[in-house]
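Peer 1: Those sequence lines, one after another, are chains Z and C. Okay, so the first sequence: first residue is 3 according to our numbering, each after it adds one. Okay, so the second sequence: first residue is 261 according to our numbering, each after it adds one.
Check each hint, because a few of them may be wrong.
Restricting the straight-line Cα-Cα distance to at most 27 Å, the calculated cross-link-like pairs of lysine-lysine (DSS-like) are [unchecked claim]: (1) Z:K253 - Z:K225; (2) C:K349 - Z:K354; (3) Z:K350 - C:K263; (4) Z:K350 - C:K458; (5) Z:K235 - Z:K350; (6) Z:K358 - C:K349; (7) C:K349 - Z:K15.
Computed list of chain C residues with no C-beta within reach of chain Z, every gap over 12 Å [as the list claims (entries may be wrong)]: (8) I264; (9) N395; (10) I399; (11) Q400; (12) I402; (13) Q407; (14) H412; (15) F431; (16) A450; (17) N503; (18) S508; (19) L521; (20) A552.
None of these hints come from the bench; they were simulated from the model. Note that this is a predicted model, so its numbers are computed, not measured. Each residue gets a CB set at the ideal place from its N, CA and C atoms; glycine is no exception.
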Amino acid sequence: MKHTKTQKIRTPKEIEQIFNILRVFIAIAIALLFAFVVILLVSEDPVSAISSFVFGPFTTVRRFGEIISKMIPLLFTGAAVCFIFSANQTNMAVEGGFTVGALGATIVAVYLHISNSILHIGLACLLGGVFGMLACLVPAFMYIRFNSKPIVSSLMVNYVCMYIAVGLINHGMRDNTAGYNASKTFDESAQLPILLKGTPIHFGLILGVIVIVFSYYYIYKSKNGYEIRVVGKNSGFATYCGMPVNSVILKSQLIGGFIAGIGGAVEVLGMYTRFQYAGNTGLGFDGIMVGIMSGYNPRLVPLAAFFYAYVKEGAAILARSSDIPVELVSIIQAIIIMLVVAERFLYKQKHKMMVKAAEMQLAAQENEAKEAEAV
Amino acid sequence: MNKIMEAIFSASFLYSVVRISTPLMFGAMGALICKQGGVLHIAFEACMLFAAFFGVAASAFTQSVLLGVLAGMLGGILIMLLLGYFTLKLNADVVLTGIALNTLASGGTVFLMYLLCGEKGTSNLLPSLVCPSVNIPIIQDIPVLGQVLSGHNILTYVAFVLPIFVYLLIFKTPLGLRIRTVGENANAAASVGINVTKTKFITLVIGGAVTSLGGIFMSMGYLSWFARDMVAGRGFMAIAAQNLGNASVLPTFITAAAFGLANALAVTLQTMSLPAEIFQALPYAVTLIGLACYSSSVHKAKKHPAKKASKEEKI
Chain Z
3 MKHTKTQKIR TPKEIEQIFN ILRVFIAIAI ALLFAFVVIL LVSEDPVSAI SSFVFGPFTT
63 VRRFGEIISK MIPLLFTGAA VCFIFSANQT NMAVEGGFTV GALGATIVAV YLHISNSILH
123 IGLACLLGGV FGMLACLVPA FMYIRFNSKP IVSSLMVNYV CMYIAVGLIN HGMRDNTAGY
183 NASKTFDESA QLPILLKGTP IHFGLILGVI VIVFSYYYIY KSKNGYEIRV VGKNSGFATY
243 CGMPVNSVIL KSQLIGGFIA GIGGAVEVLG MYTRFQYAGN TGLGFDGIMV GIMSGYNPRL
303 VPLAAFFYAY VKEGAAILAR SSDIPVELVS IIQAIIIMLV VAERFLYKQK HKMMVKAAEM
363 QLAAQENEAK EAEAV
Chain C
261 MNKIMEAIFS ASFLYSVVRI STPLMFGAMG ALICKQGGVL HIAFEACMLF AAFFGVAASA
321 FTQSVLLGVL AGMLGGILIM LLLGYFTLKL NADVVLTGIA LNTLASGGTV FLMYLLCGEK
381 GTSNLLPSLV CPSVNIPIIQ DIPVLGQVLS GHNILTYVAF VLPIFVYLLI FKTPLGLRIR
441 TVGENANAAA SVGINVTKTK FITLVIGGAV TSLGGIFMSM GYLSWFARDM VAGRGFMAIA
501 AQNLGNASVL PTFITAAAFG LANALAVTLQ TMSLPAEIFQ ALPYAVTLIG LACYSSSVHK
561 AKKHPAKKAS KEEKI
């Protein structure tokens, strides 16, 4: 039999998956290429600029530690975005939730004096999480109760959260001896321990991994998570199946907000000794980008977060050593998002591949029929 | 308290309401046009930011206000065309593309500003120009009214006359009819031979031109320089104003003015000895409450089966 080693024919679903991944990689390649072109045009010494951008982050342990520490908050916001966007809600209150989460942790870390470190950190994260949950609750509630779309409302919530946090820190919680607008220093027992000496990698990394694992099992392996995904894919179908659509949406937003709030708490307790943000951090929006790149699958969030942290660190090194501002990252970020979400990008290639697969399948079927006749 | 009342009930406060409403007015009208054409998106923020930056940069290099305004408008339209290409041609999600464009504008303008003048905060070093202010001949002599209405930037007058032109364009011209048809039901429009994609692009360009005037006002009228993220959510407020005004001209005009009032209150009360953050948060909180009230009224109306809208919208 010469047809035993028939080539494996890909189903349309497999091709779809391949192209989803391919699109992310090509988007990254195009964005980086664009960055190189910009560096070529702007920099006086483009070769060393590009090499410090690409290889710089890996040259010292300290810099590699920077990547990991930049990745930690993205693990949290990325996971939060997976929950929220899986339910097809464009709730961007992750950004504000992160900020008020940091505020909540600050309140516990400064004003509650608990000598037990685990309890102190746990309480700080809990209050941060609750604050973050409240931030995401507002747009979710407005959607469920009044049917107002979460896009504009969540953006407004972000501004309100920012002014609440900054206002409370500047009036009432301000440490007048600091010399700038910041809270009093956190208690020693509330600060997250450093994991690796000589780097800023702190205990938050372990918490982040726990959150990622939890998110993956919740969204992809539990009944509740399945409901969230069905509601996100087709809420009409979910209603028809008898799923409580509104409460599923609410649940996904609240869990997402809680994770975002913990992220804010972990970030301030791990990286700083006092609350010193003057505005929103942008880490929530970075989380949206990480979520989009990972296709809202928590399993891929660490990869996307690492890549994004690497680009950020590379750009930071570049900004220190040359005349190219850090904002290059935003441009890279925008290009990647736009190409990843563009459904028709690479459509022709996908179409060709599908046609080819279909032709191969037809041919295989004909062969089989012929063989059957011959027998 | 008396001091607050005094500050609010004065001609200079009303003057500042008119002034501060200007960018919101442009943005809301741009959003209205896009909504009517079925291409509502969230990149108005990016559009205004690009317009503000390119206006400043071009006016500094050409030393011509007119060229500055034109370059600003081109910058704003560029954002809209990018959005149109990705959402209409490449079938990208309109919200996520909007987020990306807002990020692009926020970072891109700072990037370009740093390359041009070596500063990341403001473009003070660029010798940019501002649009002229105008005194209205007869009205300026009337005691209170003159103080409120006269002496504004020329773009402010444009903003307050604009709703009439938008009304005429959208509701009284053949192009406006096409735009509304596409916005109402794209398939029906296509079935009678209207080029849907082309019409949507035209809508985006018109909306972009109108919106970018708001950005230009920010950097060439309200202030005389470009500052990073200077639009500060006005693009989103514009969408909310349009939402609350249900995409008709007069209600949108009134809502935009009301948001302007909240903004002006925030600016005035900040100078008092109260925590400024409360008042800075005010416009956003007002927008939130307004959205909730508006949506709840629509929600109730929709429970009536005959009024139930058939199409599901994302924004």
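Peer 1: It remains to establish, for every hint, whether it holds in the given structure.
Peer 2: Structure-based check of all given hints:
The hinted pair formed by K253 (chain Z) and K225 (chain Z) meets the criterion: a straight-line CA distance of about 13 Å does not exceed 27 Å. In summary, the hint linking K349 (chain C) to K354 (chain Z) is supported, as the alpha carbons are separated by about 19 Å, within the 27 Å threshold. Between K350 (chain Z) and K263 (chain C) the alpha-carbon distance is near 67 Å, which puts this suggested pair outside the 27 Å criterion. Between the alpha carbons of K350 (chain Z) and K458 (chain C) the distance comes to roughly 22 Å, so the proposed pair stays at or under 27 Å and holds.
Between K235 (chain Z) and K350 (chain Z) the CA atoms are separated by roughly 25 Å; this keeps the pair inside 27 Å, and the hint holds. At most 27 Å may separate the alpha-carbon atoms for a hinted pair to count; K358 (chain Z) and K349 (chain C) meet this at roughly 25 Å. This hinted pair checks out: K349 (chain C) and K15 (chain Z) have alpha carbons roughly 23 Å apart, not beyond 27 Å. Every beta carbon of chain Z lies more than 12 Å from that of I264 (chain C), the smallest distance being close to 18 Å; the non-interface claim holds.
Its beta-carbon lying about 36 Å from the closest one in chain Z, N395 (chain C) satisfies the requirement of being farther than 12 Å from that chain. Remark: the non-interface label on I399 (chain C) is consistent with the geometry, its nearest Cβ contact in chain Z lying 36 Å away (cut-off 12 Å). Residue-level check passed: Q400 (chain C) sits 37 Å from the nearest beta carbon of chain Z, beyond 12 Å. Remark: the non-interface label on I402 (chain C) is consistent with the geometry, its nearest Cβ contact in chain Z lying 38 Å away (cut-off 12 Å).
Distance check for Q407 (chain C) against chain Z: the nearest CB is about 31 Å away, which clears 12 Å, and the non-interface claim stands. Separation of H412 (chain C) from chain Z is adequate, the least Cβ-Cβ distance of about 27 Å exceeding the 12 Å criterion. With a cut of 12 Å on Cβ distances, F431 (chain C) stays outside the contact zone with chain Z, its closest approach being about 25 Å. Once the 12 Å rule is applied to beta carbons, A450 (chain C) is consistent with being away from chain Z; the minimum gap is 18 Å.
Listed as a non-interface residue, N503 (chain C) fails to keep its Cβ farther than 12 Å from every Cβ of chain Z; the least gap is roughly 7 Å. Every Cβ of chain Z is farther than 12 Å from the Cβ of S508 (chain C); the closest lies at roughly 18 Å, confirming the non-interface assignment. Even its closest Cβ contact with chain Z, about 17 Å, leaves L521 (chain C) beyond 12 Å, as expected for a residue assigned away from the interface. The Cβ of A552 (chain C) does not lie farther than 12 Å from every Cβ of chain Z; its closest approach is about 5 Å, which violates its non-interface assignment.
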